[in-house]
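**Student:** Single-letter residue listing:
Protein chains: 2
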Amino acid sequence: MPKLSKRSGMAYESPIRKLAPSANLAEAQGKKVFYLNIGQPDILTPASAIQAVRDADIPILKYAPAKGITSFRKKLLKQYRDRGFQLDLEDIFITNGASEALQLLMMACLDSVDNILVPEPMYANYIGFSEMANATIKPLTCHIENGFDLPSIEAFDAAVDEHTKAILICNPNNPTGAVYTKEKLTELGHLCKKHDIFLFVDEVYSAFCYDDETFFSALQLEGLEDHVAVIDSVSKRFSACGARIGYILCQNPKVMEAINKYAQFRLSAPTMGQIFAEALIDVKDQYLVDVKDEYIKRRAVLYSRLSAMEDIVCYQPSGAFYVFAQLPIENADHFCQWLLEDFEYKGMTIMLAPGSGFYASSGVGQDQVRIAYVLNEQDLEQAMDCLEAALKVYPYRTKARTREIIEV
Amino acid sequence: MPKLSKRSGMAYESPIRKLAPSANLAEAQGKKVFYLNIGQPDILTPASAIQAVRDADIPILKYAPAKGITSFRKKLLKQYRDRGFQLDLEDIFITNGASEALQLLMMACLDSVDNILVPEPMYANYIGFSEMANATIKPLTCHIENGFDLPSIEAFDAAVDEHTKAILICNPNNPTGAVYTKEKLTELGHLCKKHDIFLFVDEVYSAFCYDDETFFSALQLEGLEDHVAVIDSVSKRFSACGARIGYILCQNPKVMEAINKYAQFRLSAPTMGQIFAEALIDVKDQYLVDVKDEYIKRRAVLYSRLSAMEDIVCYQPSGAFYVFAQLPIENADHFCQWLLEDFEYKGMTIMLAPGSGFYASSGVGQDQVRIAYVLNEQDLEQAMDCLEAALKVYPYRTKARTREIIEV
Chain A
1 MPKLSKRSGM AYESPIRKLA PSANLAEAQG KKVFYLNIGQ PDILTPASAI QAVRDADIPI
61 LKYAPAKGIT SFRKKLLKQY RDRGFQLDLE DIFITNGASE ALQLLMMACL DSVDNILVPE
121 PMYANYIGFS EMANATIKPL TCHIENGFDL PSIEAFDAAV DEHTKAILIC NPNNPTGAVY
181 TKEKLTELGH LCKKHDIFLF VDEVYSAFCY DDETFFSALQ LEGLEDHVAV IDSVSKRFSA
241 CGARIGYILC QNPKVMEAIN KYAQFRLSAP TMGQIFAEAL IDVKDQYLVD VKDEYIKRRA
301 VLYSRLSAME DIVCYQPSGA FYVFAQLPIE NADHFCQWLL EDFEYKGMTI MLAPGSGFYA
361 SSGVGQDQVR IAYVLNEQDL EQAMDCLEAA LKVYPYRTKA RTREIIEV
Chain B
1 MPKLSKRSGM AYESPIRKLA PSANLAEAQG KKVFYLNIGQ PDILTPASAI QAVRDADIPI
61 LKYAPAKGIT SFRKKLLKQY RDRGFQLDLE DIFITNGASE ALQLLMMACL DSVDNILVPE
121 PMYANYIGFS EMANATIKPL TCHIENGFDL PSIEAFDAAV DEHTKAILIC NPNNPTGAVY
181 TKEKLTELGH LCKKHDIFLF VDEVYSAFCY DDETFFSALQ LEGLEDHVAV IDSVSKRFSA
241 CGARIGYILC QNPKVMEAIN KYAQFRLSAP TMGQIFAEAL IDVKDQYLVD VKDEYIKRRA
301 VLYSRLSAME DIVCYQPSGA FYVFAQLPIE NADHFCQWLL EDFEYKGMTI MLAPGSGFYA
361 SSGVGQDQVR IAYVLNEQDL EQAMDCLEAA LKVYPYRTKA RTREIIEV
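Order-wise, the sequence lines are chains A and B. First residue of the first sequence? That's 1 in this note's numbering, and the numbers climb one at a time after it. First residue of the second sequence? That's 1 in this note's numbering, and the numbers climb one at a time after it.
Just chain A, same shape as in the assembly (with noise of 0.2 Å):
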């Protein structure tokens, strides 16, 4: 047989996926599934984008030009200037999901002697991006003590060695649900200039930001039009993850260059979700209120259950929607696949992302896990109860390393 690549074989594995095939083997054995290791929403898509998509006449679906439909293009950009935001046209590029916008950003940006620092834990696809750019993430721990706060500005100033060529954060953050401040963000910029490398910032959950009044993006920050790069998707916002519709937002006119070229091989992003992500720009800000306020009720019933479970460490999120939480287990690969494969409760059980596969860093974040609240209240108590049952029968239980919960 012939041989496949060696980086194959040592490739990083999706911890949001890589469990599909014994959640397909607790469905085929009838159990009902809830589903808290993805981030696809329950919340129903906008209609009317989905109307629009109906009501277009498209006798022949072509391909769309390279950056985009330049409609879409152009409201992105008003709908940005209306905000106040400082952007061009040429300052908006349409991507394959936010996944392609960082793929395209590496190839871009950083070659394979470079390194790109990113707080840990991390969003876990960050490593399998990097990995296929043959880049490296130098990752910067950050604590649940601390409701996985920024790592210092000191710190990241100590991480910059001659081969790091940018610095990535995800605000709100995924799976921390950490959100960060104007403050943080502006000695991270200074921080970017002084060394001259560049500020990816994936704002996909900006939407999403429950306790402080507004979210700041970095493209606000003045004097970093050539470092900064966000990367944004309606994904999230508008419950519309199967759209495939990401972009890239950034002034730097080489870096759009660049990103042309590799985006040119891959043709277009898909035209169908391009005329309805279009037709996302209309949809009415109470749309986003609603979602904002049913999110707030499903993160205080997670909260509220996690907190009352024993030996269980976590902290009320900021933003996004995820916990990132401690569990009184060894082991959270097994504890999730053992949840799927050898536990039921009332004939239900849940799907949860293990934590280590969300650290670059070898043996960090073992007895975490990642906990999505997309689901209603009532699935997500049903949710709970599950997981309160599995501990109180799971072989391998430990005692909690950390007692208190973290107050934020």
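Some clues are possibly wrong.
Just so you know, same-sequence chains aren't split out, so a pair can sit in one copy or run between any two.
Said to hold, decoys possible - List time: in silico DSBU-like cross-link candidates among lysine-lysine, alpha-carbon distance up to 35 Å:
(1) Lys184 - Lys32
(2) Lys6 - Lys254
(3) Lys75 - Lys254
(4) Lys74 - Lys6
(5) Lys138 - Lys6
(6) Lys32 - Lys292
(7) Lys193 - Lys32
(8) Lys75 - Lys6
(9) Lys184 - Lys3
(10) Lys184 - Lys6
(11) Lys184 - Lys78
(12) Lys138 - Lys254
(13) Lys194 - Lys3
(14) Lys254 - Lys392
(15) Lys138 - Lys193
(16) Lys184 - Lys392
(17) Lys138 - Lys3
(18) Lys78 - Lys392
(19) Lys193 - Lys346
(20) Lys194 - Lys6
(21) Lys346 - Lys74
(22) Lys193 - Lys297
(23) Lys138 - Lys399
(24) Lys3 - Lys182
(25) Lys292 - Lys78
(26) Lys3 - Lys399
The hints are simulated quantities; they were obtained by calculation from the structure and are not laboratory data. Values in this document were obtained by computation on a predicted structure and should not be read as measured data.
Following the hints, position chain B against chain A.
**Tutor:** For chain B alone, kept in the frame of chain A given last:
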């Protein structure tokens, strides 16, 4: 300003799309541009499949599974089995177009020290994808004199070295229109088995064979289940390039497992595109019969017009919908840009893809162009009027190097 990656500075530029700014300029000048540079047909997309998206009940536009929507994969499987192919469900993987299919295959099978043998001229983006995968293309040059027939099996054999991991061919060939016989494929298959390397076949144009009775798929090669991977797509067959739906067909479970790992990072191919593509399977065979008839007419127009022009060397392609022709010019890059920026004929001009970009070898094909016959006969006639007029006034016209019109 922070430095971009070195690789992006050296990155190959798509000959198919790199002149897009010049085309925009031509349109802004009020010229009618005939787009013969890109394989974007003007054939109507099957309305029933567009209708299937309209009829779909999509309360939440969810992620699809990483491998693709199961009902779609099952239906595709049935179609292949009905045609006598011995495939299983796990041998089918849905991708973001054939583009992503090739990227995933390269990640799964090639490391950065590895090379892949590809006859040239080749589909230009193969070069881009191999750069992104950090692998090397080792080209085998084909010649216009014999209609760009496949190099001899001895030439392939001699080119295999210790780092060769695969042979990649496109059948029917983009950009040359050559169609490879069962005998040729069988020989190639034996060679791959002998050296224990992969055989990747891009069969995106399999519906477009004009002269021979039946297309022979590499999936029909016996005893090569571990070696063969086929790339396909709905883009060309159903004039649905904007769906961004392709797939990988491969019976080697290790390859599919590696592909799955990488594909999980990008989560899924577009959901609406998959609903659409699933409905395409029900499109009546007559659609493709009619489309093929139409392309045969267009081929005749293009070939007869090109043959009648002085000093052009070309041949009648047997498949796909491109002619790769040699023009009486020194530098097709300059000529194609000049056509858009400095030329017009009765308010019209044409966009062609310069030939050198389809070669991985440098300095080859500089007097060649790829011409797609994706427009209707009337448009093609007008486009050829433009070409004929252009060659009369182009300031750097040369004599052709080879005089005869080639009959394949």
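**Student:** Give a verdict on every hint.
**Tutor:** The hints, checked one at a time:
1. In this homomeric assembly, Lys184 and Lys32 never come within 35 Å of each other (Cα to Cα): the closest approach is 43 Å inside a single copy and 52 Å across copies.
2. Taking the shortest alpha-carbon separations for Lys6 and Lys254, both the intra-copy value of 33 Å and the inter-copy value of 12 Å come in at or below 35 Å.
3. Taking the shortest alpha-carbon separations for Lys75 and Lys254, only the intra-copy value of 23 Å comes in at or below 35 Å, while the best inter-copy value is 45 Å.
4. Taking the shortest Cα distances, Lys74 and Lys6 sit within 35 Å of each other only across copies (31 Å), while inside one copy they are farther apart (44 Å).
5. Taking the closest pair of Cα atoms, Lys138 and Lys6 come within 35 Å of each other both inside a single copy (22 Å) and across two copies (20 Å).
6. Taking CA atoms no more than 35 Å apart as the test, Lys32 paired with Lys292 passes inside one copy only; the shortest distance there is 27 Å, against 49 Å between copies.
7. In this homomeric assembly, Lys193 and Lys32 never come within 35 Å of each other (Cα to Cα): the closest approach is 51 Å inside a single copy and 46 Å across copies.
8. With identical chains, the CA atoms of Lys75 and Lys6 are at most 35 Å apart between copies only, with a shortest distance of 34 Å across copies and 45 Å within one.
9. Taking the shortest Cα distances, Lys184 and Lys3 sit within 35 Å of each other only across copies (24 Å), while inside one copy they are farther apart (47 Å).
10. For the homomeric pair Lys184 and Lys6, the shortest alpha-carbon distance between copies (31 Å) is at most 35 Å, but the shortest distance inside one copy (40 Å) is not.
11. Taking the shortest alpha-carbon separations for Lys184 and Lys78, only the intra-copy value of 28 Å comes in at or below 35 Å, while the best inter-copy value is 56 Å.
12. In this assembly of identical chains, Lys138 and Lys254 lie within 35 Å of each other by CA distance both inside one copy and across copies; the values are 25 Å within and 30 Å between.
13. Taking the closest pair of Cα atoms, Lys194 and Lys3 come within 35 Å of each other only across two copies (13 Å); inside a single copy the shortest separation is 46 Å, beyond that limit.
14. Within a single copy, Lys254 and Lys392 get their C-alpha atoms no closer than 56 Å, and across copies no closer than 38 Å, so neither meets the 35 Å cut-off.
15. In this assembly of identical chains, Lys138 and Lys193 lie within 35 Å of each other by CA distance solely inside one copy; the values are 19 Å within and 41 Å between copies.
16. Taking the shortest alpha-carbon separations for Lys184 and Lys392, neither the intra-copy value of 41 Å nor the inter-copy value of 64 Å comes in at or below 35 Å.
17. In this assembly of identical chains, the alpha carbons of Lys138 and Lys3 lie at most 35 Å apart whether taken from the same copy (30 Å) or from different copies (19 Å).
18. With identical chains, the CA atoms of Lys78 and Lys392 are never at most 35 Å apart, being 54 Å at best within one copy and 46 Å at best between copies.
19. Taking the shortest Cα distances, Lys193 and Lys346 never come within 35 Å of each other, neither inside one copy (56 Å) nor across copies (53 Å).
20. Proximity of Lys194 and Lys6 under a CA criterion of 35 Å is satisfied inter-copy only: 21 Å between copies versus 38 Å inside one chain copy.
21. In this assembly of identical chains, Lys346 and Lys74 lie within 35 Å of each other by CA distance solely across copies; the values are 32 Å between and 52 Å within a copy.
22. In the homo-oligomer, the alpha carbons of Lys193 and Lys297 never lie at most 35 Å apart, since the shortest distance is 40 Å inside one protomer and 60 Å across protomers.
23. Taking CA atoms no more than 35 Å apart as the test, Lys138 paired with Lys399 passes inside one copy only; the shortest distance there is 31 Å, against 58 Å between copies.
24. In this assembly of identical chains, the alpha carbons of Lys3 and Lys182 lie at most 35 Å apart only when taken from different copies (26 Å versus 50 Å within one copy).
25. In the homo-oligomer, the alpha carbons of Lys292 and Lys78 lie at most 35 Å apart inside one protomer (24 Å), although the nearest pairing across protomers, at 44 Å, exceeds that limit.
26. When the C-alpha separation of Lys3 and Lys399 is checked against a cutoff of 35 Å, the pair qualifies neither within a copy, at 45 Å, nor between copies, at 49 Å.
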